[in-house]
Amino acid sequence: MPLEHVVLEVRRGGAVPLRADPQGAAAQVLRDAVGAVADVAVGLEEPVEPRVVAGDGHDQLLHEGLVGMVERPDVLALRDQAVPAVVDQLLQPRVRAGGLRGLLPLVVGVVAPAAHEGGVVVGQLRVVHPAQRLPEQVQQLFLRLRVVLLVQLPGLLQARDRHLHPGLAGAQLPRAPPGQLLGLARQQAHQVGHAVGVAAGRPGVGGQVGEMIGLLVQQAAHPLDVLGGDLEPGRLVTHRDRVGEGAHTRCTRRAQARLGGRMEFRVLGPLEARGDDGPVELGGPRQRAVLAALLLRANSPLSLGELSAAVWDEPPDAAGSNLRTYVARLRRLLRTSSGSRLLTTHAGYQLVLEPGELDLEVFSGHVEQAKQSLAAGDAATAVDCFDRAARLWRGAPLSGAAETLTLRAEADRLGQLRVAVTEQSVRAKLELGRHDEAVSQLRPLTVAYPLAEELWALLMLALYRGGRQADALAVFAEARRRLVHEIGVEPGPRLRRMQERVLAADPLLHEGTRARAGAHHQLPPDIAEFTGREDEFATLRAQLDAAGEAAVVITVVEGMAGVGKTRFAVHAAHRLVRAGRFAEIQLWADLRGFDPVAAPADPGEVLADFLELLGVSRDRVPPALEQRAALYRDRLAGRRVLVLLDNAADEEQVRPLVPGGTAACLVLVTSRRALADLDGAQSLPLDVLRPAEALALLGRIAGADRVEAEPRQSARVVDLCGRLPIALTLAARRLRARPLWMVGTLADRLAADTRRLDELAGRNRAVRASFELSYRGLEPGPRRMFRLLGLHPGDDSTAWAAAALAGSSPDEAEVWLEHLLDEHLVQQVVPGRYRQHDLLRAFAREKADDDAAVRRLLSWYLHTAAAATHALDPRARRAPLDPIERPPHVPAFAGRDEALAWCHAERANLVAAVRVAAEREPALGWRLAASLLGYFYLSKHWDDWLATHHAALGAVAGTERLGEATIRSGLGVACSDLRRFPEALEHHRAAAALFEGVVAPQAQAWNLNNLGVVHSDVHRFAEAAECHRAALEIFRTLGDERGEGISLNNLGDAHRQRHELAAAHDCLRQALALQRRAGDPDAQRFTLCSLGDLHRDLGERDRALGYYREALSLSRERADDWGVARLLVRVADLLDGAQVRRCLGEALEILTGLGDPQADALRARLAQTSP
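In terms of full-length UniProt numbering, the sequence shown opens at residue 1 and continues consecutively.
Simulated from the structure, these hints should not be mistaken for lab results.
Any given hint could be a false lead.
[Claimed, not checked] In the SDA-like style, the derived pairs of lysine to any residue whose C-alpha atoms are separated by at most 20 Å in a straight line are:
#1 K847 - T745
#2 K847 - P780
#3 K371 - E500
#4 K371 - D705
#5 K847 - D705
#6 K371 - A624
#7 K371 - G703
[As the list claims (entries may be wrong)] Distance ranges between label pairs, derived from CB positions:
#8 E885 - A1164: 35 to 41 Å
#9 G305 - S399: 22 to 28 Å
#10 Q1139 - P888: 41 to 47 Å
#11 P874 - D849: 39 to 45 Å
#12 E478 - D535: 28 to 34 Å
#13 Q1139 - R989: 40 to 46 Å
#14 A551 - T381: 35 to 41 Å
Yeah, the Cβ is synthetic: ideal placement off N, Cα and C, and Gly gets one too.
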């Protein structure tokens, strides 16, 4: 039986023939082979379901479940089982059959994606057979290359692999697109044939096989002509960059033009990407999940943790490695002529898209245009925009990506967005009398979203208005059947009410859907310029949906002054009414909880007004609050009501105004306070707008053309307004009123801290006035704390730092901070850390002028930083603290880890504190900078190290000798680390001269020691030894064993560099003995490294490795990443094979993360290192 008639589907545990001739020997061979793969795959983390299709002789392939699994760590452990098993099963029966010409043999090949993007190299072939193995160097190739099992049946085929270009995946060479060809010239073809013959025990057959494969190479010549000529033997033609040793790269302008630079990405249906050459093959579900997550946060960085949550519900141990692999593949696939779109940033990965490339963005743009048209009364234009938006949907969103909880939630969110937009579109069509169009639009959506009752109700309304009452009632029956079948519930009140009204032929069904004016429809007008907040509205809807049909939902919209609570509540209420919810009754009251003139509204008076609106004459309103509340609940019993209570002062003001619970009702409350004691209430906190929303609001008011014309300045305005809606609105209106201003003019005016709040003021509204209302409502303690926080130099504060500002205890400060948190005058970044909005901080600074408080805070930072660095290394030299008085409540650190965590958390604040201290009190500023030296040396935050020390140097240069010497010495160490040796020498020499005139022998000795290290770095070993001897003498005089040991180590290393090996050995042994006797692991690791260098130079490889590994272990224990990287490179120098790449790879990852300038050289070395 010919092989092309065989179709098999393989699942874990065995093979299941779907269509095969049991008499066919070839079919049996294939079944056995794939079954063997399934057997060795048992126990893997993910199911392996290979699918082998042999059809027309052109597109045979091995399923990506088999192909893609080989890069997973758990599969690598099985490679020595899987590959022999497969080849043995496939080859042996054919050898026994006596020939290969009838059926070309299978070849297990190795395909290596190059380090550069744009091409794929065919590596050596590894054919495994129990009786014959290829040379060891070919075996090692299998370990270092990304591996793909490549099946060759009649014709040269290519594996369908996720990381290959779509033109290569599963296609024959003649079909491959120009510039992405896998080059197999005759030379390689004969290698393939020879390997096949050897493995099968028939070397003579290899030549015939090679000739047959060579014919296919000739067929591939035509596409290569596009790139400028014939393919040279053994060479690979790619788009760009050198690919592998001996590779050949050419790219003509004609080919470059074909590549293009623009792409299309689609998430509103199956996940897709398209370039100029057509669809891009995006790989398997998990790789697609990575792309989906990046697209949903396009142009914003996504951390590894966020990506991992999108790809796995329970990430495997190798999640980080796998994610980097997926990202690398996507980077190759999505690369355009203008470069890579997928960037690596300090915060994670970021996919860069141009405007209009993502269908979700285009969809949102059409919807926004439709809303603007509706607000302007142009329903016809709105419908056109809605229709353009609807045509972008192609099915279930994000389908094809892994169905993780995170992506399912995103898909649900997009689905809800689709439903909400459809509601608006249909209502606009109904207002225009386009009933049939509305029906056509709703029919497929009720199938896609059978549980969305609002869609069923709208479909009934559209049919009824089109004169199809019977069809409308049939829709109700269908909706009921689906709801009962899917989730076991009867239709809700809204759908049942629609059925009743259709049955009764209610004439009101023919009226427009907008809320009618009248006593029961009291909502303030909607805000035409309202922008964003879709996620918050989705949360509100979810709260309503989850509450049931006889519940009262109480949602408290809370947030800081000016964040847009009232606007959101009013807009959300109108959206709910337009969607058919609470269309009968809407009540509204301003409770005046924070009013500059009027007292807070009395809930009894509000109830009297509500009752009068509900038909109770004023003389029949009961006198007592409880009686009014009871009558109010009675009047609203069984009715769907929306009550909007704006600007509430506290829970007592709201509680009597909540309706009863006999029908679904919504009480929407806005407040600057957290109303935590309001029974049954759910919080809906509003933060500042997202960057895109803030820009949209600015453009909507000031003019989109002005914003688009100056994108950078517009972004500045947004940042200077802190993305606070009230500030943005006032700024945009000011810009609109000044047509001759550039956006940059406004940005420059806002940039001055002292006048920013003056600029953010209008005729009737001002940011400052809004903040003033909240400030006035504070009690004395929290009010003072609010003012003092404006003086904090950093972005956030702890209770300890706030206590230093206030001169209070940390416990008392925490009580005040929590009170400010409840009033939304601070935000909590993480538990225990509090932050003021930028504009609130500016307002607080206007209220505060307390130099003593600032000095208390700076002093607290100085002494706490000194305590932390001492905990990091108790034997290290302490920075001078005198004469700065120690403040109360300096925390005691339990150990190194706690101190390091504090330094990491406070790093930005410490940098800001140094800058402020350098300006206000230089003596404190340089001491604070010096106290951070130990932390910066460990963490290698070079930018902050240099910033703090340069700020301190600018304050003390030429005025304070000890301070300048100390800071210059610290700058010398930083410059030495950064390989900026001339600067390092300049700073250390200047410090040495300055130390001559002060009494600071320990600091002087350390500067000499560090100067000697720099001399060694620039190969001035005699000068280095002289410095270390001088430092050693001072340390011994002071009895400083730490300094003595370090100096002996560095002196010994200088002797080694001068080939004075006996003297070097003597110094290093003394240093190590001294450090071990003192129990000083921090110092030992340096000496162990030096001993390793010495024995390496002596040719004693094993002893050197022993010292290096001991030093490496200590460096890992001490969390010294830079030291770990340095030692890994030394260890790699003494190893070979795969171990070298592992060590260099880990070192490169560390240095890249630290921003070390030596990373580039190490990257180049790694690229040239053979496995």
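Structure-based check of each hint:
| no. | hint | result |
| --- | --- | --- |
| 1 | K847 - T745 | violated (28 Å) |
| 2 | K847 - P780 | holds (13 Å) |
| 3 | K371 - E500 | violated (31 Å) |
| 4 | K371 - D705 | holds (19 Å) |
| 5 | K847 - D705 | violated (38 Å) |
| 6 | K371 - A624 | violated (45 Å) |
| 7 | K371 - G703 | holds (16 Å) |
| 8 | E885 - A1164: 35 to 41 Å | violated (53 Å) |
| 9 | G305 - S399: 22 to 28 Å | holds (25 Å) |
| 10 | Q1139 - P888: 41 to 47 Å | violated (54 Å) |
| 11 | P874 - D849: 39 to 45 Å | holds (40 Å) |
| 12 | E478 - D535: 28 to 34 Å | holds (32 Å) |
| 13 | Q1139 - R989: 40 to 46 Å | holds (42 Å) |
| 14 | A551 - T381: 35 to 41 Å | holds (39 Å) |
The structure fails hints 1, 3, 5, 6, 8, 10 (numbered hints given earlier, in ascending order).
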